[in-house]
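Keeping the supplied structure of chain A fixed, place chain B upon it in accordance with the hints.
As given, the protein sequences belong to chains A and B, one line each in that order.
Quick note on numbering: the UniProt record's numbering labels position 272 of the first sequence as 272, and the sequence is numbered without any gaps.
Quick note on numbering: the UniProt record's numbering labels position 233 of the second sequence as 233, and the sequence is numbered without any gaps.
Since the hints were derived computationally from the structure, they do not count as laboratory data.
Predicted model, so just to flag it, every value in this text is computed and none were measured.
A hint or two may mislead.
Intra- or inter-copy, both count: the list cannot distinguish identical chains.
In silico DSBU-like pairs for lysine-lysine, Cα to Cα no more than 30 Å straight-line [stated by the list, open to error]:
1) LYS126 <-> LYS274
2) LYS20 <-> LYS60
3) LYS150 <-> LYS60
There are 2 protein chains.
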Amino acid sequence: MRDFSQDHRWLSINTATVRKSRGEDLPLPRILAAIAERGIRAISPWRDQVAAAGLANVSKQVRALGLELSGYCRGGMFPAADAAGLRAARDDNRRAVDEAAELRAACLVLVVGGLPGALQGQAAHKDIALARTQVQDGIGELLEHARQAKMPVAIEPLHPMYAADRACVNTMEQALDICDALDPGRSGDLGVAVDVYHVWWDPKLQQQIARAGRERILAFHVCDWLTPTTDLLNDRGMPGDGVIDIPRIRGWVEAQGFAGYSEVEIFSTGNWWKRPHEEVLDTCIARHRTVV
Amino acid sequence: MRDFSQDHRWLSINTATVRKSRGEDLPLPRILAAIAERGIRAISPWRDQVAAAGLANVSKQVRALGLELSGYCRGGMFPAADAAGLRAARDDNRRAVDEAAELRAACLVLVVGGLPGALQGQAAHKDIALARTQVQDGIGELLEHARQAKMPVAIEPLHPMYAADRACVNTMEQALDICDALDPGRSGDLGVAVDVYHVWWDPKLQQQIARAGRERILAFHVCDWLTPTTDLLNDRGMPGDGVIDIPRIRGWVEAQGFAGYSEVEIFSTGNWWKRPHEEVLDTCIARHRTVV
Numbered sequence: 001m002r003d004f005s006q007d008h009r010w011l012s013i014n015t016a017t018v019r020k021s022r023g024e025d026l027p028l029p030r031i032l033a034a035i036a037e038r039g040i041r042a043i044s045p046w047r048d049q050v051a052a053a054g055l056a057n058v059s060k061q062v063r064a065l066g067l068e069l070s071g072y073c074r075g076g077m078f079p080a081a082d083a084a085g086l087r088a089a090r091d092d093n094r095r096a097v098d099e100a101a102e103l104r105a106a107c108l109v110l111v112v113g114g115l116p117g118a119l120q121g122q123a124a125h126k127d128i129a130l131a132r133t134q135v136q137d138g139i140g141e142l143l144e145h146a147r148q149a150k151m152p153v154a155i156e157p158l159h160p161m162y163a164a165d166r167a168c169v170n171t172m173e174q175a176l177d178i179c180d181a182l183d184p185g186r187s188g189d190l191g192v193a194v195d196v197y198h199v200w201w202d203p204k205l206q207q208q209i210a211r212a213g214r215e216r217i218l219a220f221h222v223c224d225w226l227t228p229t230t231d232l233l234n235d236r237g238m239p240g241d242g243v244i245d246i247p248r249i250r251g252w253v254e255a256q257g258f259a260g261y262s263e264v265e266i267f268s269t270g271n272w273w274k275r276p277h278e279e280v281l282d283t284c285i286a287r288h289r290t291v292v
Numbered sequence: 001m002r003d004f005s006q007d008h009r010w011l012s013i014n015t016a017t018v019r020k021s022r023g024e025d026l027p028l029p030r031i032l033a034a035i036a037e038r039g040i041r042a043i044s045p046w047r048d049q050v051a052a053a054g055l056a057n058v059s060k061q062v063r064a065l066g067l068e069l070s071g072y073c074r075g076g077m078f079p080a081a082d083a084a085g086l087r088a089a090r091d092d093n094r095r096a097v098d099e100a101a102e103l104r105a106a107c108l109v110l111v112v113g114g115l116p117g118a119l120q121g122q123a124a125h126k127d128i129a130l131a132r133t134q135v136q137d138g139i140g141e142l143l144e145h146a147r148q149a150k151m152p153v154a155i156e157p158l159h160p161m162y163a164a165d166r167a168c169v170n171t172m173e174q175a176l177d178i179c180d181a182l183d184p185g186r187s188g189d190l191g192v193a194v195d196v197y198h199v200w201w202d203p204k205l206q207q208q209i210a211r212a213g214r215e216r217i218l219a220f221h222v223c224d225w226l227t228p229t230t231d232l233l234n235d236r237g238m239p240g241d242g243v244i245d246i247p248r249i250r251g252w253v254e255a256q257g258f259a260g261y262s263e264v265e266i267f268s269t270g271n272w273w274k275r276p277h278e279e280v281l282d283t284c285i286a287r288h289r290t291v292v
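Next comes chain A alone, as it looks inside the complex (with noise of 0.2 Å):
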């Protein structure tokens, strides 16, 4: 296992972060900006920051400043209610694989999408089975035009919570069980990211992220889980603020060769959101050093 204490080389920004500093929405040229400032060679941002910049603008900064992607946030919401839906959110995951391949993304981020509807609050139906189905279609339709553009696709199975709003693939299993059907090869062009929020529950998850392997985990995403938690997607803990035991996962993720980038996600209305990203992200540095 690498030793993280004597620097942040190995630390990655998720730009979702430090989207808020101060309670004020931060744009992304800003954040690259303090990212740079800070020696941090990674990021991953979400595609509505990059659109609100521009994203050849953003691609220009990125290359200026010398950072890297350890993932572009986010591909999925393969689900939808009729044809002409499920047309859109191909055509959509397209345009995400030519954004990632532009920015010279390590792997999208597929966040896959769950009962359509039910993200705006009223579900058009209730087959979670069909819903699972769609995913994998998609997923698979996806992959032929990922590989031309040379990007791997991350599978990011969510916490349990999220199964009928945001991602109705649950656990490792599941998502290996999508990678084994649509890449049995193990190329290395479908894997998943290992986020520890959703997964350290999971009383199978080192025999998962074994049977994942090196070929097969694109990403590694760190938080903490708060008790008590006070809002299902907004309340996310810092590193070391929580109760998932990080480095027994990094541990189990590094013994597969994964050799990448922690990137440090977090999604905080009523606390980091509310600080200055400068406070954030000295603290990220110093909780990747420490406590990841």
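Then chain B, alone, in the frame of chain A:
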């Protein structure tokens, strides 16, 4: 699959569902009277409600009203930070078995506990594997006492969002692994409580219900998953108001031979606990007949 549309003979009310009426605490004796008045034949009361009313009084009232207990809530909370804590949990669980026996419950439901201290906001450690070992050891020890009391014990896998503070048994598969280890003979003394709220998201649910079989399905609980869900604990929906395909899951359970009560268990600070309990109970009956 049984037809519930003509009557509510297979409806049970978990008394937490009407723990409050019009926002005020409702004592168990009044809850039981209101339930019996409506021709509902079964309940599942909570220990704190029973303690407040007095076990002997409750036992007497239950028999006078001819009510059955589809379960007794709850034993569990096995993990502890030290030997004294483990002993206290063991003793308390034995008392829970004895109370359940006095009330002639169909089973004692176990919410097994998570990381010690997490429910109070400060976990004593982050070793969920250790907590799981303590859970299995605790159930194994309790099982001897429960067998003497002829009280079946039902492990309730809780939704993974409760892994830290309430229950580190989070899937049917995990619960059934414990059953296999402690009761390989499938005696019926140890099984699971299937609560759709906790397990609906699980891609292996149908498979694991089939694995459980008739001997190990000791209880069936219903409510619904709302989108959005605004609170991790107390924002459960009335059946029909959320995204869970309850009849599909009930079909799987009944295909194994389960022929017991369908127990409505709702915690709802923001909605149902604010309403008159009479309305809540009437709604439970209506939904039982139409969407369960």
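Results of checking the hints against the structure:
With identical chains, the CA atoms of LYS126 and LYS274 are at most 30 Å apart between copies only, with a shortest distance of 27 Å across copies and 37 Å within one. For the identical chains of this complex, LYS20 and LYS60 are intra-copy neighbours only, at 23 Å inside a copy versus 59 Å across copies, given an alpha-carbon limit of 30 Å. Proximity of LYS150 to LYS60 under the C-alpha cut-off of 30 Å is restricted to the intra-copy arrangement: shortest distance 20 Å within a copy versus 72 Å between copies.
Comparing the model with each earlier hint shows no violations; every hint is respected.
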